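Student: Going left to right, the sequence shown walks through residues 2 to 527 as this note's numbering numbers them.
Hints were generated in silico from the structure; no laboratory data involved. Hints may be right or wrong, so weigh each one.
[Stated by the list, open to error] Straight line, CA to CA, 20 angstroms or less: simulated EDC-like cross-link-like pairs of lysine to aspartate or glutamate:
1) K444 to D171
2) K84 to D61
3) K84 to D141
4) K444 to D173
5) K84 to D403
6) K84 to D405
7) K444 to D139
8) K444 to D61
9) K84 to D96
10) K444 to D118
11) K84 to D139
12) K444 to E499
13) K84 to E94
14) K444 to D228
15) K84 to D401
16) K84 to E404
17) K84 to D65
Fair warning: this is a prediction, and the values are worked out from it, not measured in the lab.
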Amino acid sequence: MLLNPKLLVGMLVSAIAIPVSADLQFTEASIAANARISHSLVGGMVSFDAAEGGGVAVGDYNQDGHVDLYIVTGDDSDNVLLKNNGDGTFSDETDGSGVALSGVWNSGPVFADIDGDGWVDLLVGSMQGEGFFVLRNDQDGTFTDVSVASNVIQQNSDQNDISAGLGDVDNDGDLDLFIGHHSWGVAAKRNHLWINNGSGVFTAADASAGTDVFGTLDLSFAPTFIDINGDGWQDLLLTVDSNQSRAFLNDGDGSFTDDNGPNFNDQFGMGSAAADFDNDGDIDWFVTSIHDHPSGPQHGNTGNRLYINDGSGEFTDDSANAGVRQGYWGWGACAADFDNDGWLDIFHVNGMYNISGQGNDYLADPSRLFLNNQDGTFTESSSDTGLVDTGQGRTEVCFDYDEDGDIDIFVFNVGQSSRLYRNDLTDNPGYLQVDVLPESPDKTLAGTVIEVVTGTLTQTRHITVGSNFESQEPMRQHFGLGGATIVDQVRVTRPSGEVIVRSNVAINQTLIIYTEPAVFTDGFES
Numbered sequence: 002m003l004l005n006p007k008l009l010v011g012m013l014v015s016a017i018a019i020p021v022s023a024d025l026q027f028t029e030a031s032i033a034a035n036a037r038i039s040h041s042l043v044g045g046m047v048s049f050d051a052a053e054g055g056g057v058a059v060g061d062y063n064q065d066g067h068v069d070l071y072i073v074t075g076d077d078s079d080n081v082l083l084k085n086n087g088d089g090t091f092s093d094e095t096d097g098s099g100v101a102l103s104g105v106w107n108s109g110p111v112f113a114d115i116d117g118d119g120w121v122d123l124l125v126g127s128m129q130g131e132g133f134f135v136l137r138n139d140q141d142g143t144f145t146d147v148s149v150a151s152n153v154i155q156q157n158s159d160q161n162d163i164s165a166g167l168g169d170v171d172n173d174g175d176l177d178l179f180i181g182h183h184s185w186g187v188a189a190k191r192n193h194l195w196i197n198n199g200s201g202v203f204t205a206a207d208a209s210a211g212t213d214v215f216g217t218l219d220l221s222f223a224p225t226f227i228d229i230n231g232d233g234w235q236d237l238l239l240t241v242d243s244n245q246s247r248a249f250l251n252d253g254d255g256s257f258t259d260d261n262g263p264n265f266n267d268q269f270g271m272g273s274a275a276a277d278f279d280n281d282g283d284i285d286w287f288v289t290s291i292h293d294h295p296s297g298p299q300h301g302n303t304g305n306r307l308y309i310n311d312g313s314g315e316f317t318d319d320s321a322n323a324g325v326r327q328g329y330w331g332w333g334a335c336a337a338d339f340d341n342d343g344w345l346d347i348f349h350v351n352g353m354y355n356i357s358g359q360g361n362d363y364l365a366d367p368s369r370l371f372l373n374n375q376d377g378t379f380t381e382s383s384s385d386t387g388l389v390d391t392g393q394g395r396t397e398v399c400f401d402y403d404e405d406g407d408i409d410i411f412v413f414n415v416g417q418s419s420r421l422y423r424n425d426l427t428d429n430p431g432y433l434q435v436d437v438l439p440e441s442p443d444k445t446l447a448g449t450v451i452e453v454v455t456g457t458l459t460q461t462r463h464i465t466v467g468s469n470f471e472s473q474e475p476m477r478q479h480f481g482l483g484g485a486t487i488v489d490q491v492r493v494t495r496p497s498g499e500v501i502v503r504s505n506v507a508i509n510q511t512l513i514i515y516t517e518p519a520v521f522t523d524g525f526e527s
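Generate the whole structure from the sequences, applying the supplied hints.
Tutor: Shown next, in the form of structure tokens:
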């Protein structure tokens, strides 16, 4: 796309952000958008497995430039594929698509190109041993079940495949797979890490990689592959229940070093948002957990954690200072700049059914929105912004579904209907969305680092493929600009080491990054 320089006259005067006052308000729009989908189980919400499993995947499955949704619905109805129409609405394209998986209790779906053909496939876990499904994108709106050929098998008939994340563990250009199980009372060694041969066929690798560390009780939840120490290799952040969340540092030889350090002290690690919250260029980590309910008995449950990275992959627990601990019974989380001020905020869902008397106080707690104060602290602002979801939230997707330049939120509620919260941000301080195209169809974008510079502020994003907990974020990266009138520079570093630079980029657009040289018109570029 060529930019018209006449529209940009004067934009080079200053790229320094001008303080603005944006009005952040959300409106529930699931019915208007045709995105209210129900989840239910034949057996009801009578166990912890029932209260946990579910999820939503996000990706452009038909390559029309709009971000689509895939939602699991429980075992008494078909899962749903929603095509984004690009006008603020979705169309149900499930019939004939091959992704309904009727009658299966699914969990943790992910869109990901596992065979290197340039089209996202669909991976779907399930609960209590109902199978791990690998569905190949046939590039015509349909999918073919290739689960057996993929070799991703389950070792135990009663395990849960609750969440999945993918990344390029061995830097060979394809996506490898990690599955979190969170299975009570079953044998260990259930094959979490799977290495891709490049064509979508996987080999179990826990034993050789050093990721088989869970003993007799596997409570692994949400995996995220991301480089936390800046060495160019994707590490693994894994939320784990019962004081076991940890970082696996990639050794660069197919193995990991388990860094279950003393600073990882979340008591019930569940949701995960790995992002640069303090804009210092490295990846911090927000983990949801359980906080004692104000109206309930006090058990010493101290809530969420925000771990701040010193740049070398060493983390410090800054939760108390940040003001993000009280999230009730927290689940899925995302990092996104909802008010477009240039600083990442935090949203997470919560809730728990009354299972064995443990969740009675958490039946209708409001979701949590922590707005970044740009000084290491956050302000909880859900009620102030109209974002009060009191459902049984388990996960969410934070993305610009209506393509108006601000981040909306799709909330998945287990045993209830989903909700879609449209961001009606007024006095928008400006944004830039960045789509990076791969070097070639067989090279993954996972591990790509994008930096956006406006004046003295540099924002950093890493492209990841799952998992916030049973969900994922889109490949398209969103940057709030905080009033800047032009973007000084966009720097994209590919996993191969190639660096692509675009300078003097216009605001309020989606910038597409190619490996090919940019096209210039009077000093401005596409």
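Student: A separate judgement is required for each hint: does it hold in the structure or not?
Tutor: Each hint tested on the structure:
no., hint, verdict
1, K444 to D171, "holds (13 angstroms)"
2, K84 to D61, "holds (9 angstroms)"
3, K84 to D141, "holds (13 angstroms)"
4, K444 to D173, "holds (8 angstroms)"
5, K84 to D403, "holds (12 angstroms)"
6, K84 to D405, "holds (18 angstroms)"
7, K444 to D139, "holds (19 angstroms)"
8, K444 to D61, "holds (17 angstroms)"
9, K84 to D96, "holds (12 angstroms)"
10, K444 to D118, "holds (9 angstroms)"
11, K84 to D139, "holds (16 angstroms)"
12, K444 to E499, "holds (13 angstroms)"
13, K84 to E94, "holds (6 angstroms)"
14, K444 to D228, "holds (18 angstroms)"
15, K84 to D401, "holds (14 angstroms)"
16, K84 to E404, "holds (14 angstroms)"
17, K84 to D65, "holds (10 angstroms)"
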